[in-house]
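Residue numbers (my numbering), protein chains in the order written: chain G, 371 to 465; chain R, 376 to 526.
Everything labelled a hint here was simulated from the structure, so no lab data went into it. Nothing here was measured: the structure is a model prediction, and the numbers come from that model. It is possible that some hints are incorrect.
Cross-link-like lysine-lysine pairs, in silico, BS3-like; alpha carbons within 27 Å at most [said to hold, decoys possible]: (1) G/404 - G/392; (2) R/483 - G/465; (3) R/443 - R/431; (4) R/469 - G/404; (5) R/515 - G/462; (6) G/465 - R/515; (7) R/443 - G/462; (8) G/404 - R/483.
Letter by letter, the chains look like this.
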Amino acid sequence: MGVRPVAISVDTPEMSRDLCRKAGYTYTFLSDPKAEVIRRYDLLHPGAGASGQDIARPAEFLLDSSGVICWVNLTEDYRVRARPEQIIEAAKALK
Amino acid sequence: MNQRRWNWHLWVGFLVCLVGFASFPFFARFPFTRDVPWANFLLFAVGGVVSFLGLKRAFGQPQQYRGKIAGPILGTLSLLALGFFCFIVFYMTKQLPVSSGAPRVGQKAPEFVLPDTNSNPVSLASLLSGPRSNSQAPPKGVLLVFYRGYW
């Protein structure tokens, strides 16, 4: 598809590295332990971590090659995330 | 001598309800059974019917079957499990911030620099323009996936 997936959470680089090793993920994982970028994107879910940490709410953004957002999914239920076929459909519009 | 038979319906019904509750992490792995948790509700329904048959026996034929004490207790526990399950899937997981200030379609995604799994700083600009590992060409786009994480 030519789309680069990037996962972002409050997990530390070490935790994400363990996750990638266990699950076999090869795409980019970025760490935002202080939730600075998560705040900048207004995606902070305060106190929702297992012991009350501030974490990110689930959200997906598809950017074109110039960095402009062409598709967003802000779920209203964190059980329900974007499905791969939705993202593939949105990515078809990219040139 | 007490010849009343074991009322297995009550126990099997209770067990099926427990499986209906506890199997959600499994069914949540597949979008088909996650977005609407019908597989769990189906298990609760089967457990409920079997429990109901057990209760009917316990109270309708008390000379033949046991379970006048265990039945209502197990039935109540099953209902509590169903109630708690409904609370989780219809209320708890929907308690999300509105995120009205999140970037919208047509806007430029705010720039950032964050460490990757090797603690190397990575900028959004480099993700947009840098070559992908399996080809020299830059990507057609970038998919930012914010997730809750494992803390």
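- Check each numbered hint from earlier against the structure, then list the numbers of those it violates in ascending order. Violated: hint 7 alone.
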